[in-house]
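Novice: These are the residues of each chain, in order.
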Amino acid sequence: MTGWTDSSKTDLPAPATLPADGMAAMAAPPVVPMPPALRFVASARRFFRWLTRTEVILSLIMLFLMFYMIIIPLYRMVMTTVTWQPRDVLSVPSAEVGGLTLYHYVRMLTGALSRIYMFTPLQHSMVIATGATFLSLLIGGSLAWLVIRTDMPGRKLVNQLALIPYIMPSWTLAQAWLVFFKNRLSGGTPGVFEYLVGKSPPNWLAYGPVPIMICSALHYYTFFFLFVSAALMSIDSNLEEAGELAGATRRRILRKITFPLVLPAILSGVIMTFSKVMGTFGGPNILGTPVRYYVVATMIRGSIGVGDKADAFVLAIVLILFSLIIINLNQKLVGTRKSYETIGGRGFVAQVSKLGNLKRVFLVCVIIFQILVIVVPLGLLVWSSLMLQDGNYSLSNLSLQHWIGPRGTIYNHGEPGVLLNPKIWRTAWNSIRLALSTAFFTAIFGIFIGYAVVKGRGTRLSKLVEQLAFIPYVIPGIAFGAVYIAMFVKPLGPIPALYGTFMLLVVVSVADKIPYSSRSGVSAMMQVGRELEEAAQISGASVLRRFRAIIFPLTSAGFVSGFLLTFITVMRELSLIILLVTPDTQVLASQTMFYIENGDGQMANIVILILISIVAVGNLIISRFRGGSLKKGLGM
Amino acid sequence: METAIIIGNLTKKFGDVVAVDDFSLTIDPGAFLTLLGPSGCGKTTLLRCIAGLEDPDGGQIYIGDRLVFSHARGISLSPGHRDLGLVFQNYALWPHMTVYKNMTFALEVQKLSKAEMDKRVKDSLAEVQMEGYEDRYPREMSGGQQQRIALARMLAYRPKVFLMDEPLSNLDARLRMDMRGELKHLHHIAKATTVYVTHDQVEALTMSSAIAVMKEGVLQQLGTPDEVYHYPANLFVADFIGNPKVNLLDGIAKAGNRVEIGRFAISTNTDNASGPVVVAIRPEDITISTVPVPDALECIAYSVLPSGADTTIVAKVGRVEITVTEPGTSKVAIDDQLWLQFDSDGINLYSKDSGNLIPNQ
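Chains as they are written, first to last, in this note's numbering: chain A, 656 to 1291; chain B, 11 to 371.
Each hint should be verified, as a subset may be incorrect.
[As the list claims (entries may be wrong)] Residues from chain A that face chain B, not an exhaustive set, calculated with beta carbons under 10 Å: (1) Trp-705; (2) Arg-708; (3) Glu-1188; (4) Arg-1200.
[Stated by the list, open to error] Derived DEER-like restraints, expressed as beta-carbon distance ranges: (5) A:Met-1158 <-> B:Lys-129: 49 to 57 Å; (6) B:Asn-100 <-> A:Leu-1074: 55 to 63 Å; (7) B:Lys-23 <-> A:Val-733: 37 to 45 Å; (8) A:Phe-1095 <-> B:Tyr-147: 25 to 33 Å; (9) A:Leu-900 <-> B:Ser-364: 49 to 57 Å.
Source of the hints: derived by calculation from the structure; they are not laboratory data. Glycine included, every Cβ here is placed at the ideal spot set by N, Cα and C.
Produce the entire structure from the sequences given, and follow the hints as far as they go.
Specialist: So this is what it looks like as structure tokens:
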């Protein structure tokens, strides 16, 4: 008796020829050729089955939402720049409102105004972004190396403290800088520097590119710190030991082995920092605007302010193109999207460099650095807020007027102290509400996108979702805000005009976070793996039950971390929403900017302090839940 | 009670890759059928199609008398409605639930009473000898224990069909041996039709009532372990099954059941072969003699590999290697001169062109 090979291609499965041990072959029912109507029913059923698959439904919902939140606004913005706007009629009488034109581009790129409106700000933005990126790399990279790869004492503590500047708004340092270094140029009151030294600091030190660069770097170095330390941790020390056995010197190993392995992390830090600084508004507005040192971000705001929306959008598009170019360059350099993905901390035992006698020197330097970027700025803000008259440094001038003073004094345009001001309370509540709701929706988006992408892996739909989710990454904050003005001033189909509503702030904040939430959603779903859900599926559990009993509980740790991260970043977000807030929807971050612009710097400082306290408290509360942490939220 | 599974012309593609290719197979009620093949042969995909976790691109599947999938009619029952259980390679125990919760999850879906659930859990745990583990979390158990719980979870909701996707491959060799016996016994008690996926031929041979050998999505042979081992349908199956591997030698079939392998000639039981053939003979069907015997192939011992119960000897004639196994510890030493006798009952002949077995009339 021989075995049996299936070579039949008939409709009937061939019977198995098994020995007579009680197993009998069963004949399959024959397949009858079907009439076209039934064939149509069958393909309709197949299509319906595909359509009702959870990952397909989620993909379609997310695609629709992202289309609405990202693509339409971008489209509207581009359309605004290439059509005649009502106000153009003033300067070009022949303009036909709504007709196509390249007028705005010609004006912004070639006209007499191009230098003032476009090229000088662009140059300034580039200078600042380049300088800040370089400085951040230097600071963040060295700190990461000290913490991960040396025997410096107190590394754990430094590891914790290094992230604090990240939770402070990026312009905190700018405001503190101003308190210290301002000269008589603005407001006429002397800064701490002048009080201590007796000489007014020069303009280049008080305002403009140098302080903007330094202040940005002291905020954004945290990216490099996180990326590089994760990369250093994930390097298998065997690789370096292999180099050592081959007789290479330490320096050579560092240059030839360690550095190339950390390079992707560095480059992803570079894109992130560069495009963030390009689109940042707070610092340049505080330190640049008083000396008319405009960058693209402040220019966009200025143009919107005077009603030149189309000009602002041209600037925003230029900003987006710059981000795109940089990301493409990075991809060319590193290959694929390695840099965008996190380098997984696989936790190898790192080889530690012995610092010897320098150990303490390094530690002291690091401590001084931490004090300079955390304690001193906050101290300056507190001190300034306690001065009755700004710039009067005598003890008798200390007062709580700005905190709890009554209404109707000569100070602060007659406004009461911040803590007694119902407007500020409302603003604070707006901030918290915005941060919480954004964090909530972002987390939901993250899980849904993660599910859609991971479950549908390999399909075109899954790739489309992933690619669309990546788009906001290349749109700098201020440009995103501008995009949203374009879209939501007028109603769009069934969607009402959202301009001026709180909803709009939530929508733009959620949209801005999509790349990050989808990334963490995808990695959370990958960790859960498909089998756990499939096991539930086989048990007969419905989709809702599977999400409730399996997927949500298993992704909750990532959920909490992501929630925390979003909460913090939204609380201190300024560039994104500065163009979209109205007096009713004011949040703390934008409130500080309005106080500063109004000359009420001391009030602004108090609001910053309140903002930081809320973030710190939020951080404490949320990190108590199920091991959520900022680091995890950042995908480290 | 016992359920047959009938797979007809099933096709599953992933992009351009055809994972399962026009596959037909009938699994008898109560059978322990093993899908065996190298990794990437489509066996897991086929299992997932039966479970309803993949949507095939063509064909049909019956489980019992229910049509659970038909491409032509656009029918596909969801996994939960197919009345089957699946044990995953990595067990897929829900890490955030206790053993009890893991086991009652499906029962809650079925809305069983608390008393009934308790009874089912107790019985199922007893069947896998894991009584008293109700309150453990998966991570508090060893791999072998998790494996048993995964089985118990499936037993608790009493599906008509058991599907198992390489359930033993994550266990160490010792535990794997024990679990084979357990699984076979469980199948005996539960009498559920079982489809078992593995790439381990020993597992397939020891446990199955029938084996389906697959390669590149196509069924190569369906048969009992005995048939698959002793009468492989083609050279792929012959080569894949058996450890140490079968000896494959090129020969020319002549009249009178003779096959010439170079200058050496053997007699076979196959009387209708002619022309170029491949001679397949298992290592244990060759006897070794250290003194000259008639009709034996003279060769030199190239290497001797004792493993306790038997000894594997690799002999060489020119550049041709022949593997032989002898029970117990062999006295043969490397470089010894040997005479090999081929047992004609153990010889299969394959067509040189098609690679298929030449049937023995």
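Novice: Evaluate each hint against the coordinates.
Specialist: Checked hints:
1. Trp-705: Cβ of Trp-705 of chain A sits 8 Å from chain B, so the hint holds.
2. Arg-708: Hint on Arg-708 of chain A: holds, closest Cβ of chain B at ~8 Å, below 10 Å.
3. Glu-1188: 9 Å, holds
4. Arg-1200: 7 Å, holds
5. A:Met-1158 <-> B:Lys-129: 49 to 57 Å: 54 Å, holds
6. B:Asn-100 <-> A:Leu-1074: 55 to 63 Å: With Cβ atoms ~57 Å apart, the hint holds.
7. B:Lys-23 <-> A:Val-733: 37 to 45 Å: Given range 37 to 45 Å: holds, Cβ gap about 40 Å.
8. A:Phe-1095 <-> B:Tyr-147: 25 to 33 Å: 29 Å, holds
9. A:Leu-900 <-> B:Ser-364: 49 to 57 Å: 54 Å, holds
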